[in-house]
Amino acid sequence: MGGNENNQEAHGLLEYGIMRTHLHSRGTQFAVAVTAALALFAADAYAVIDGLTGSTFTLSANDGYVLGGDGLSIYTWGFANDTGPMQYPGPTLIVNQGTVITIFLKNYLPEPVSIVFPGQEGVTATGGVAGQLTQEAPADNGATTVEYQFQASEPGTYHYHSGTHMDLQLEMGLVGAIIVRPTEFPVDQWAYNHADSAYDHEYLFLLTEMDYDVHLMAEFGLWDQIDTTTFHPVYWFINGRNFPDTTLPSGTPWLPNQPYNCLPRMHPGERLLLRIIGGGRDLHPFHPHGNNTTVIAKDARLLQSPLGTGADLAYSDYTIASLPGQTVDAIFEWTGAQLGWDVYGHAPGDPMEPFEYAPDHGKPFPVILPGQQELTFGGVYSGSPFLGAAGDLPPGEGGLNVYGGFMYPWHSHAENEIVNNDIFIGGMLSLLIIEPHGTPIP
Amino acid sequence: MNHKMLKTISCGVLPLMTLAIVASTATGAEYYLRAEAFTKNLPDPSGVGTIPVPMWGFALDDSFEGLELQAVSVPGPRLTVPAGDTTLTIHLDNNLSVPISIMIPGQITTKTPVFFTDGQGRQRVHSFTHETLAGNGTMVDYTWTGLEPGTYLYLSGTHPAVQVQMGLYGGVTIDAAAGEAYAGVTYDAEVMLLYSEIDPALHAAVDDGSYGTTGPTSTVDYNPKYFLINGEPYTSATLPMSAGAVGNRVLLRFLNAGLQTHAPNLLGMYMSVIAEDGNVYNFPKGQYSLTLPAGQTKDAIVTPSADGAYPLIDRRSDVTNAGGFSLGGMVRFLEVAP
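In order, the protein sequence lines correspond to chains V and X.
Residue numbering for the first sequence follows numbering that gives the first Met the number 0, beginning at 0 and increasing consecutively.
Residue numbering for the second sequence follows numbering that gives the first Met the number 0, beginning at 0 and increasing consecutively.
Be a bit skeptical, because a hint or two may be false.
[Unchecked claim] Below, in silico cross-link-like pairs of lysine to any residue (SDA-like), each with a Cα-Cα straight-line distance of 25 Å or less:
1) X:284 / V:300
2) X:284 / V:308
3) X:284 / V:367
4) X:284 / V:194
5) X:110 / X:123
6) X:110 / X:295
7) X:284 / V:362
8) X:284 / V:189
9) X:284 / V:153
10) X:284 / V:349
11) X:110 / X:133
12) X:110 / V:189
13) V:362 / V:349
14) X:284 / V:284
15) X:284 / X:176
16) X:110 / X:127
No lab work stands behind these hints, which were simulated from the structure alone.
Make the full structure from the sequences, and use the hints.
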């Protein structure tokens, strides 16, 4: 029975080619599918956030459907990449510091749309019709193009959203992320022009919610019946998906309007950058399990004292308040330190792993594992409690943890938000996977 | 030493002077406030007509039951305590039909709560401090000592769930010195932004007596339809608020007298958030977003480098008037002169 398998055996399993595991069940269980693509990645490749790069973008406001984590179709408005399919959230724009960014807006929705850029200064807007906040593209099926321009003068995590009829259009989904790379990038993999923001992997957490009734009324054109003052969300999203779909790969074919996922992965000892965006109208207490995070920036500005350098006002916490409109950058680290047992299942004489916590080296697992017939497994148990190890499992069990990683739930701690329309578990939740050293992470 | 005086003061739409001082002794400021019911006309969802909503508010008199200096309003008159005053006294005249009181969270006073016995024989609090009875014949005084500089709310301390949201609130500010909000925090111009909400159904129930009897028995189903800054929702007729000139240090005083959290986002400019509830932070926070939980005040300095109208929008989507399509609610434009 699984216990002390070591890394060598686990690595042997990884030599296989593309492996697909698909579990599907209805009722109170959730449908999960995972594709594990092995090989083909350079050993020192770093994780990047999916999105569009460059300096000129065309965003088309369009409508379509997204799938809730319970499988329900939800009529949604979103920004598409030019003539591509509408997507929720809108395309993540990844640009370089100092570049002048031009965004063309075309509107295929039944009411005027515009875009505002919180955190950007000197935004100019030309074309279209003057709206209350900025120039708008009328509801003319794409005939009018509005041009927005600004210089991305400061690096960091930002977002964009509709500036027209905001209470409805934000609800319907017209929001997206902007990442401004510092001038140091890519020589240094930093979020800002200081080593305090260095990271090995970065992940986007664009947090939103939906009141399904509003989307239903919009779908049937019952505009007069929509009253956004009676907001009652029932779906909660990270990057446009509810759990468990947050853990599916990006570009999953059966989520054609939800191209982005949220599956943070790292090796022990690395620094993982969380780019958290309060994209909706509610506060979400984002709660990464596994360790505290160090908050280094808010609203795309390092937490820096007037006479200090870098993020000298950074602080450590285990829940990050994601406020509406605010962005937060935080660094997460994990080595397994002080768990009180050797997470690799080493014997005392075995060599140390990189970043291993020496005082726990060789310490045994603190409990005697029950026999297989006294355990329930689920999909994410590798068969062994040790990092990078796998073990025997009954037929049909496991399969979603091919590298033998440790999984921690990262989720909104407003626990009513980790459901899909009242069905637990779902909503604003995903899984961090601590992968053993050597696992390719794209 | 900074001798700059306040160049521009914005306090919202009501035609009032900001320096509402009646009598000021060497150490103390005093004001005569009168609580009264009135009707406020708010835009209906179509944006064309108005809906009358019963409100309670404060007015400013020159003496107890004397001449009116400022009509009853929501929020109540802004009380600007002169820098250097160490005590504040409010003389209250209550023309409502229920007892009221006044409290200023964050300032020091001695409170004598008023209790009652409920239907199950339990002792409950009705007021956090001594009350002013309905139709009082002599004035009732509320005094605060050891005044701290900053931005504060004054609110009814009696049955606050009902009375505050009916409109018994206002702003009170005390500067550390002329042109200095806190010690060392100078400003050239100032914008007062007091956030609040209105639930018309609740107001109607309080006004017609059905609240607590045949109608709602509590405010737990509070469902505001109107979202106000300085007592007015945004409409297309709302004028921009003067916010100094290029290069000025402009002090934004945010107050939330509502029952819900609001999240002002400033577009086009960053704020340096310097204080919360009258307490100065050790280090300012450079943000374009702000969170304002119910009852909180926050102070921020902006130093505009370009003129123009900077939108300040509530990111909690409280930007509608009773669900209407047009931009409404908690939106303002901060106009910076060249």
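Verification of the supplied hints:
Restraint check for residue 284 of chain X and residue 300 of chain V: satisfied, since their Cα atoms lie roughly 9 Å apart, inside the 25 Å limit. A threshold of 25 Å between alpha carbons decides the hint, and for residue 284 of chain X with residue 308 of chain V the separation of about 15 Å falls inside it, so the pair holds. Taken as a hint, the residue 284 of chain X and residue 367 of chain V pair is broken in the structure, with Cα atoms around 51 Å apart against an allowance of 25 Å. Pair hint residue 284 of chain X plus residue 194 of chain V holds up; C-alpha atoms about 21 Å apart against a cutoff of 25 Å.
Proximity of residue 110 of chain X to residue 123 of chain X is assessed by CA-CA distance (about 16 Å); at most 25 Å being required, the pair is judged to hold. About 20 Å separates the Cα atoms of residue 110 of chain X and residue 295 of chain X, which keeps this hinted pair within 25 Å; it holds. Simply put, residue 284 of chain X and residue 362 of chain V have alpha-carbon atoms about 45 Å apart, too far for the 25 Å limit, and the pair is violated. Only pairs whose Cα atoms come within 25 Å are accepted, and residue 284 of chain X paired with residue 189 of chain V is accepted, the gap being roughly 22 Å.
With a CA separation close to 16 Å, the supplied pair residue 284 of chain X and residue 153 of chain V stays within the 25 Å bound. Our distance criterion of 25 Å between C-alpha atoms is broken by residue 284 of chain X and residue 349 of chain V, whose separation comes to about 49 Å. Pair hint residue 110 of chain X plus residue 133 of chain X holds up; C-alpha atoms about 20 Å apart against a cutoff of 25 Å. With a C-alpha separation of about 54 Å, the suggested pair residue 110 of chain X and residue 189 of chain V falls outside the 25 Å cut-off, and the hint is violated.
As the CA atoms of residue 362 of chain V and residue 349 of chain V are separated by approximately 11 Å, the hinted pair is consistent with the 25 Å bound. Restraint check for residue 284 of chain X and residue 284 of chain V: satisfied, since their Cα atoms lie roughly 20 Å apart, inside the 25 Å limit. Restraint check: the Cα-Cα separation between residue 284 of chain X and residue 176 of chain X comes to about 23 Å, which is no more than 25 Å; the hinted pair holds. The suggested pairing of residue 110 of chain X with residue 127 of chain X holds, with an alpha-carbon distance near 7 Å, which does not exceed 25 Å.
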